[in-house]
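Enquirer: Add chain B to chain A, keeping to what the hints say.
Note that the protein sequences, when read in sequence, are chains A and B.
This note's numbering applies: residue 1263 is where the first sequence begins, and numbers increase by one.
This note's numbering applies: residue 1263 is where the second sequence begins, and numbers increase by one.
Simulated from the structure, these hints should not be mistaken for lab results.
Be careful, since some hints might not be right.
Okay, derived cross-link-like pairs now, DSSO-like style, lysine-lysine, Cα gap no bigger than 30 Å in a straight line [claimed, not checked]:
(1) A/1396 x A/1305
(2) B/1478 x B/1305
(3) A/1343 x A/1305
(4) B/1305 x B/1528
(5) A/1381 x B/1452
(6) B/1525 x B/1495
(7) B/1525 x A/1452
(8) B/1478 x A/1478
(9) B/1452 x A/1452
(10) B/1495 x B/1478
(11) A/1396 x A/1345
(12) B/1316 x B/1381
(13) A/1452 x A/1305
(14) A/1495 x B/1381
(15) B/1305 x B/1525
(16) B/1316 x B/1452
(17) B/1381 x B/1345
(18) B/1525 x A/1381
Letter by letter, the chains look like this.
There are 2 protein chains.
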Amino acid sequence: MSEAPSIERLSLNQITTESWNLEEAVQGCVRQEVPWISVWRHKIHEIGLKQSRKLIQDAGLQVSSVCRGGMFPAESASERKEKIEDNRRAIEEAAELGTDVLVLVCGPPSSRDIDSARKWVEEGIEELVPFAEKHGVKLGIEPLHPMYAADRSVISTLGQANTISENVNTSQVGVVVDVFHVWWDPELYKEIQRAGRNILGFHVSDWVVPMPDMFKGRGMMGDGIIELRRMRKAVEEAGYHGPIEVEIINQAIWDQPGDETLKQMKASYLEHV
Amino acid sequence: MSEAPSIERLSLNQITTESWNLEEAVQGCVRQEVPWISVWRHKIHEIGLKQSRKLIQDAGLQVSSVCRGGMFPAESASERKEKIEDNRRAIEEAAELGTDVLVLVCGPPSSRDIDSARKWVEEGIEELVPFAEKHGVKLGIEPLHPMYAADRSVISTLGQANTISENVNTSQVGVVVDVFHVWWDPELYKEIQRAGRNILGFHVSDWVVPMPDMFKGRGMMGDGIIELRRMRKAVEEAGYHGPIEVEIINQAIWDQPGDETLKQMKASYLEHV
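Extracted from the complex, chain A is given alone in its bound form (with noise of 0.2 Å):
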């Protein structure tokens, strides 16, 4: 397989292990070589901050990404600076672990309005971007699949991800692409290439037929439809060359040993993207 990608890119997005806490995450990785770790904060949150990062240095493993900022509409100027303010510790804590890309998930609308929901997530990311500067962090606008748009984000195609990190216009913001929420759109390819160098991240499952849930239905690399070398050509040629997080929601998987999940995870890894 000398088209695979190499195996010192790969990471392990922690929400594909969402049965084990950090501990358990980093000693897999460990245990299954993988170099990288994308850490939740939720996970983070479960033994602090400084317990992350000694587990993490201690076990030799570098930090793709922090998981997530972002949730950035809300209908009262307040509780915007709210979320604004819980960026900033997001900001922080990935600074502090090590990595130099928080990804955002943007946050569905507040109302029907959706056009204000969208102001509000461009006004939010460029509010963020001299505290991200500050602490060395870039912001990774991830757009989720248009399913998602009412109760995850209204950040829905790579289109509207570089239009916002071009009209912020830094190096501090850029693109996430993960393949579950972009493989259908028709300007795909069209949106990687204008990407370029904004792409701060690369994110591999798959989409299976029928798909056995809207939130936990992701699929191992290989199971489903999306032409997964061909998006990581795509994303290389654009000049991305960094990790790549395995991000797999799937109820059935979390279900697993995670020691298997990383077994299969490497394998589907250097057969399939």
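Expert: Same frame as chain A, now just chain B:
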């Protein structure tokens, strides 16, 4: 409610009362004074085309569309030819029932190669044009929500549908705007304007949170997050003043008495569309 659309434009898309056969649906429309009906082919085939026509004509209903042609992609040229043939039958059925609109659900990819599937859709539509013209039936490309890109339609945005319609370049081919499929699209209002007088239909329902089912989870108008009135006004400004179909695929609604559904949809239509 001076802003409400005229009841003269209301159409029952027959899938909304899936538990009714065509005769029951026609009688229901008469009882509840719904002037239009959109007929599904599987319901026509239960009783035959002539009987279907007689039922509808005797009741004095108008047919807003026939659902559905499409399903173009297939690996082999001979399979694709068969699908074109089936679309010719659908065109004949539409003509016979006295509607000038056949709704196209364009079909899923036959492999991971989504680009080829999209090419086959455009080729299929192009091939149908002379036959459609001869029968006085227009082909309405209905983009489906991107969550159906793997199993129902590789045409996921109004932009794609507009591009095909423009490429084919005949008034015989247009687009159908269904709020459930396109509400999330950041390019929506631009694309409605672009579609202009090529809009051949407008379908309403709602997007509820949480969605009970990816397929059978559409909501009654007003129960969800979609800016229905804004979209209705946008398609009117673009030039569409034809029937408005209520198309709700929802198991709970299917399980209730059809007359109840028709009463609800009339009230919701006047209040929210």
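Enquirer: A separate judgement is required for each hint: does it hold in the structure or not?
Expert: The hints, checked one at a time:
A hinted pair counts as satisfied when its Cα atoms are at most 30 Å apart, and residue 1396 of chain A with residue 1305 of chain A qualifies at roughly 25 Å. Between residue 1478 of chain B and residue 1305 of chain B the CA atoms are separated by roughly 18 Å; this keeps the pair inside 30 Å, and the hint holds. Restraint check for residue 1343 of chain A and residue 1305 of chain A: the C-alpha separation of about 24 Å stays at or below 30 Å, so the hint holds. Restraint check for residue 1305 of chain B and residue 1528 of chain B: the C-alpha separation of about 23 Å stays at or below 30 Å, so the hint holds.
Proximity of residue 1381 of chain A to residue 1452 of chain B is assessed by CA-CA distance (about 17 Å); at most 30 Å being required, the pair is judged to hold. Distance restraint check for residue 1525 of chain B and residue 1495 of chain B: the Cα-Cα separation of roughly 23 Å lies within the 30 Å cut-off, and the hinted pair is therefore satisfied. For the hint pairing residue 1525 of chain B with residue 1452 of chain A, the CA-to-CA distance comes to about 47 Å; that exceeds 30 Å, so the pair is violated. Annotation: proposed proximity of residue 1478 of chain B to residue 1478 of chain A holds, straight-line Cα distance about 18 Å (limit 30 Å).
In summary, the hint linking residue 1452 of chain B to residue 1452 of chain A is supported, as the alpha carbons are separated by about 19 Å, within the 30 Å threshold. A C-alpha spacing of about 27 Å is found between residue 1495 of chain B and residue 1478 of chain B, which places the hinted pair at or below 30 Å, so the restraint holds. A C-alpha spacing of about 19 Å is found between residue 1396 of chain A and residue 1345 of chain A, which places the hinted pair at or below 30 Å, so the restraint holds. Between residue 1316 of chain B and residue 1381 of chain B, the direct Cα distance comes to roughly 39 Å. Violation of the 30 Å bound is thereby established for this hinted pair.
Our distance criterion of 30 Å between C-alpha atoms is broken by residue 1452 of chain A and residue 1305 of chain A, whose separation comes to about 36 Å. Annotation: proposed proximity of residue 1495 of chain A to residue 1381 of chain B holds, straight-line Cα distance about 22 Å (limit 30 Å). Taking the CA atoms of residue 1305 of chain B and residue 1525 of chain B, the gap is about 22 Å. The hint holds against a cut of 30 Å. Taking the CA atoms of residue 1316 of chain B and residue 1452 of chain B, the gap is about 41 Å. The hint is violated against a cut of 30 Å.
Our distance criterion of 30 Å between C-alpha atoms is met by residue 1381 of chain B and residue 1345 of chain B, whose separation comes to about 15 Å. About 38 Å separates the Cα atoms of residue 1525 of chain B and residue 1381 of chain A, which puts this hinted pair outside 30 Å; it is violated.
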